[in-house]
Amino acid sequence: MPASPRRAAVIGGNRIPFARANRAYANATDLDMLTTTLDGLVARFGLAGERLGEVVAGAVLKHSRDFNLTREAVLGSRLAPATAAYDVQQACGTGLQATIAVANKIALGQIESGVAGGVDSASDAPIALNDDLRRVLVKLNAARSTTERLALVGQLRPGQIVPEIPRNAEPRTGLSMGEHAARTALEWGIGRTEQDELAARSHRNLAAAYDRGFFDDLLTPYLGLTRDDNLRPDSSADKLATLKPVFGKGPDATMTAGNSTPLTDGAALVLLGSDEWAAEHRLPVLAHVVDAETAAVDYVHGGGARGADHRHSTDGLLTAGVFAVPRLLERHGLSLQDFDLYEIHEAFASVVQVQRRAWEDARFCRERLGRDGALGAIDDGRLNVAGSSLAAGHPFAATGGRIVATLATLLRERADSEKTDQRGLISICAAGGQGVVAILETKA
Amino acid sequence: MTGNDLLATLSNTPIARQLGVPTVPALRRHRPGDPLLAGPVLVASAGTGRFATPVAAFVEEHGQPAVSEPAEETLHGVVVDLSGATTLADLAAAQQILTPAVRRLGPSGRLLLIGAEPAEAVASAGAEAAAVAQGLDGLVRSIGKELRAGATANLLVAAEATPPAALDSSLRFFLSARSAYVDGQVVHVGTPVGTPQEPAEVDDPRAEERPLAGRTAVVTGAARGIGAAVADTLARDGATIVAVDVPAAGEGLAATANRTGGTALQLDITADDAPERLLRHLAERHGGVDLVVHNAGITRDKLLANMTEDRWNAVLAVNLGAQLRINEALLAAGSPLHDAGRIVCVSSQSGIAGNRGQTNYAASKAGVIGMVRALAPRFAGRGATINAVAPGFIETEMTQTMPLGTREAGRRVNSLRQGGLPVDVAETIGWLGRAESGGLNGQVVRVCGQSMLGA
Numbered sequence: 001m002p003a004s005p006r007r008a009a010v011i012g013g014n015r016i017p018f019a020r021a022n023r024a025y026a027n028a029t030d031l032d033m034l035t036t037t038l039d040g041l042v043a044r045f046g047l048a049g050e051r052l053g054e055v056v057a058g059a060v061l062k063h064s065r066d067f068n069l070t071r072e073a074v075l076g077s078r079l080a081p082a083t084a085a086y087d088v089q090q091a092c093g094t095g096l097q098a099t100i101a102v103a104n105k106i107a108l109g110q111i112e113s114g115v116a117g118g119v120d121s122a123s124d125a126p127i128a129l130n131d132d133l134r135r136v137l138v139k140l141n142a143a144r145s146t147t148e149r150l151a152l153v154g155q156l157r158p159g160q161i162v163p164e165i166p167r168n169a170e171p172r173t174g175l176s177m178g179e180h181a182a183r184t185a186l187e188w189g190i191g192r193t194e195q196d197e198l199a200a201r202s203h204r205n206l207a208a209a210y211d212r213g214f215f216d217d218l219l220t221p222y223l224g225l226t227r228d229d230n231l232r233p234d235s236s237a238d239k240l241a242t243l244k245p246v247f248g249k250g251p252d253a254t255m256t257a258g259n260s261t262p263l264t265d266g267a268a269l270v271l272l273g274s275d276e277w278a279a280e281h282r283l284p285v286l287a288h289v290v291d292a293e294t295a296a297v298d299y300v301h302g303g304g305a306r307g308a309d310h311r312h313s314t315d316g317l318l319t320a321g322v323f324a325v326p327r328l329l330e331r332h333g334l335s336l337q338d339f340d341l342y343e344i345h346e347a348f349a350s351v352v353q354v355q356r357r358a359w360e361d362a363r364f365c366r367e368r369l370g371r372d373g374a375l376g377a378i379d380d381g382r383l384n385v386a387g388s389s390l391a392a393g394h395p396f397a398a399t400g401g402r403i404v405a406t407l408a409t410l411l412r413e414r415a416d417s418e419k420t421d422q423r424g425l426i427s428i429c430a431a432g433g434q435g436v437v438a439i440l441e442t443k444a
Numbered sequence: 001m002t003g004n005d006l007l008a009t010l011s012n013t014p015i016a017r018q019l020g021v022p023t024v025p026a027l028r029r030h031r032p033g034d035p036l037l038a039g040p041v042l043v044a045s046a047g048t049g050r051f052a053t054p055v056a057a058f059v060e061e062h063g064q065p066a067v068s069e070p071a072e073e074t075l076h077g078v079v080v081d082l083s084g085a086t087t088l089a090d091l092a093a094a095q096q097i098l099t100p101a102v103r104r105l106g107p108s109g110r111l112l113l114i115g116a117e118p119a120e121a122v123a124s125a126g127a128e129a130a131a132v133a134q135g136l137d138g139l140v141r142s143i144g145k146e147l148r149a150g151a152t153a154n155l156l157v158a159a160e161a162t163p164p165a166a167l168d169s170s171l172r173f174f175l176s177a178r179s180a181y182v183d184g185q186v187v188h189v190g191t192p193v194g195t196p197q198e199p200a201e202v203d204d205p206r207a208e209e210r211p212l213a214g215r216t217a218v219v220t221g222a223a224r225g226i227g228a229a230v231a232d233t234l235a236r237d238g239a240t241i242v243a244v245d246v247p248a249a250g251e252g253l254a255a256t257a258n259r260t261g262g263t264a265l266q267l268d269i270t271a272d273d274a275p276e277r278l279l280r281h282l283a284e285r286h287g288g289v290d291l292v293v294h295n296a297g298i299t300r301d302k303l304l305a306n307m308t309e310d311r312w313n314a315v316l317a318v319n320l321g322a323q324l325r326i327n328e329a330l331l332a333a334g335s336p337l338h339d340a341g342r343i344v345c346v347s348s349q350s351g352i353a354g355n356r357g358q359t360n361y362a363a364s365k366a367g368v369i370g371m372v373r374a375l376a377p378r379f380a381g382r383g384a385t386i387n388a389v390a391p392g393f394i395e396t397e398m399t400q401t402m403p404l405g406t407r408e409a410g411r412r413v414n415s416l417r418q419g420g421l422p423v424d425v426a427e428t429i430g431w432l433g434r435a436e437s438g439g440l441n442g443q444v445v446r447v448c449g450q451s452m453l454g455a
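Chain order of the listed sequences is P and Y. Under UniProt numbering, the first residue of the first sequence carries the number 1, and numbering increases by one thereafter. Under UniProt numbering, the first residue of the second sequence carries the number 1, and numbering increases by one thereafter.
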């Protein structure tokens, strides 16, 4: 690595409580939620009228009119209108990728401050015109004569009113994310019990975090919601065990609505800045963004991650983090156990378990990751300790911002109480076979 | 704006006037840029007071003539210095001054008496002097009930050691539209505590408009209602606002913070670690605090016969317990409270008069008054003051939901025949919060339009 530039500071965050789709935020748009979340961040850090270096955010489910979503949110917020903004989109990696983009500009000295994150509404999803109908309408709009127009109107068919509804499916495989994850889980032998236990722990941890006021400085209520409405504080592995599988088939199916994330609405943002900017504004530094890595896997071609011919293997859709993390560790000379806390996005409980299983598998680590042996295990007590997506819900582009702000706050708490430097690892899987990972550190 | 006060609207129509419907006066309220004084002020004294000359100078400095006799023109104010009135003859002289003066007092006029401390008067000039000093109390309260068209009457009681300059911030308040709904009050002004910082922009023409410039103010319960108005008003006067409310009220809190250009702190003030978290936040984020407004309050009304432990405890914890604990933390060594710090606690008319169904609330609000009096010497010891405001019937979302009969009664049983506005409470807090208000300590100022309840 070249000599490192300065590191961007994570100063704080704000999110709105996450709401299951078609409930509390059924009538809120991406723009509503992002603007509100930005205003909550502005209020928490006293940034009204301030020009920040940049605001970067995005949404996965996005209306075409929202092409400039983040800039529109800035203009609707209390930030100075002179604050520049742009949109990014990398499926569920959006929020973390936006954070990396802002952090990198700060590290290079191009900007001194910025906000990163994302928003998603599964309730206010963009429904598009049927392609056949759309083609006719486009031509109709371009038509110059009445004859031409009449001919085009004659092409309209009743079937064309069926709209295009966004699907939670991979375009290249036609499989839903859950079906992909179910295949990967089966391949790695991830059992039902460990998935349910992980899910129950997520609910318990999130509930405990709320109860101790952990989110007082991370969240602003919205539309009457003060906590994530997917959270079930009394959740248990036993109760979750009673649910019927919804992904996969037959006796081997393990993935239920309880150990998978529901469709969710919400938004989350992170405030980043240089140490100098933070000091000038008398703002705290929770953590620094050390480095990040994005990996992609081939989940389309070939015959399976553990197949005999690894050169032409197919990896699980949501397993790119398995590859991204060791690259990042290598670059910093770290082992997987050199972290105090881990945040592995719980798209599905099995996705978390597959990553851990892969890193514990010596053969896989040798053959696929080029390591001498297994990366080793991650302690349950250090993983997603303030809950994660299974309990909070997962508004796709909002998850990265939630995780970065949560981890940075946790690291700062530990650094203050234990008087030792703290290091945390984030891994977020994304559609398209991609995974975004990052390291945060906090000085005691 | 007088909320949904239908009578106020109707009574100001010509027909209503012809029918003799009692009028509800429109109160003049402060708007940025308005002059402090709207017309000439009669300044006089009976006895050998020492305040008439500085008060006249104050009036002239604010661009209006200080007259000694009521002439043809309408008076904006009347200030009579009776601090040296020691005999019944002096009191009779005061009547001779006041009688023609009140006839000339204009709409939203301001009548202010300055008296001596009865306890000091008896020591220096005997029982008659003490009786005269105490007599002003009944005099001013009666004038308040007689004045019309939004005019008010108040009494400043000055100690022998009180320097005339210590009255300045109170003159600014009681002679201006900022005190619109403060009527019939007796306020004691002593020797100032703390070193008032010279306003940084003393030559700035806006300094008059921004008396709190450079001061950091915490307002609890700032998400809505009176707390939001306090934040708005203090910000208008130049303060940096730290708006505090429970996490569940965060949405409104963020709006307050952004509207005032301040910051939002979501904090349950009853939490064990709340004082520590609040003070650390103030130290780290703002380098200290100048003004703490204990406004957060809840009601859990129930007749005592049906009162439950949780309703009782919730009200006492928020309205009184949290204030006690935060104040102790502010008094502790190393506290971020600056010199000339000001604590203002929101009490209530219910705490003074009592209110059916509000045993818990009234106990907490009367408790606030006890706390303020008990802590005043301790805050003075570190150059700070603590005072209380006790709102009467204030038009808020809460009062809009009252039954019509209760609401109407609440509005009318005061000398101004209307409910006050949240801004009236806020203006009063702003006055007590000024660095120049160091002479006011341990005071309880009612913002009630001279309510009959508890008077």
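No lab work stands behind these hints: they were computed from the structure. All values reported here derive from a predicted model rather than from experimental measurement. Just so it is clear, CB atoms sit at the ideal spot from N, CA and C, and this is done for glycine as well. Keep in mind that the hints are not guaranteed to be accurate.
Here are some, though not all, of the chain P residues that point toward chain Y, as calculated from beta-carbon distances under 8 Å [claimed, not checked]:
1. Arg44
2. Gly49
3. Arg78
4. Trp188
5. Pro284
6. Val285
Here chain Y is said to cover these stretches of chain P; the calculated rule only asks that three of the stretch's residues, wherever they fall, bring their Cβ under 8 Å from a Cβ of chain Y [what the hints assert, rightly or not]:
7. 28-42
8. 193-204
Label pairs and their in silico Cβ distance ranges [stated by the list, open to error]:
9. P:Ala142 to Y:Thr401: 32 to 40 Å
10. P:Ala279 to Y:Thr53: 46 to 54 Å
11. P:Ser417 to Y:Ile298: 45 to 53 Å
12. Y:Gly357 to P:Ala208: 35 to 43 Å
13. Y:Arg356 to P:Glu276: 41 to 49 Å
14. Y:Met398 to P:Ala84: 39 to 47 Å
15. P:Ala279 to Y:Arg356: 34 to 42 Å
Hints, one by one, checked against the model:
no. : hint                             : result
1   : Arg44                            : holds (5 Å)
2   : Gly49                            : holds (6 Å)
3   : Arg78                            : holds (4 Å)
4   : Trp188                           : violated (40 Å)
5   : Pro284                           : holds (7 Å)
6   : Val285                           : violated (11 Å)
7   : 28-42                            : holds (count 4)
8   : 193-204                          : violated (count 0)
9   : P:Ala142 to Y:Thr401: 32 to 40 Å : violated (58 Å)
10  : P:Ala279 to Y:Thr53: 46 to 54 Å  : holds (51 Å)
11  : P:Ser417 to Y:Ile298: 45 to 53 Å : violated (32 Å)
12  : Y:Gly357 to P:Ala208: 35 to 43 Å : holds (38 Å)
13  : Y:Arg356 to P:Glu276: 41 to 49 Å : violated (59 Å)
14  : Y:Met398 to P:Ala84: 39 to 47 Å  : holds (43 Å)
15  : P:Ala279 to Y:Arg356: 34 to 42 Å : violated (55 Å)
Checked against the numbered hints listed earlier, the structure breaks hints 4, 6, 8, 9, 11, 13 and 15; every other hint is satisfied.
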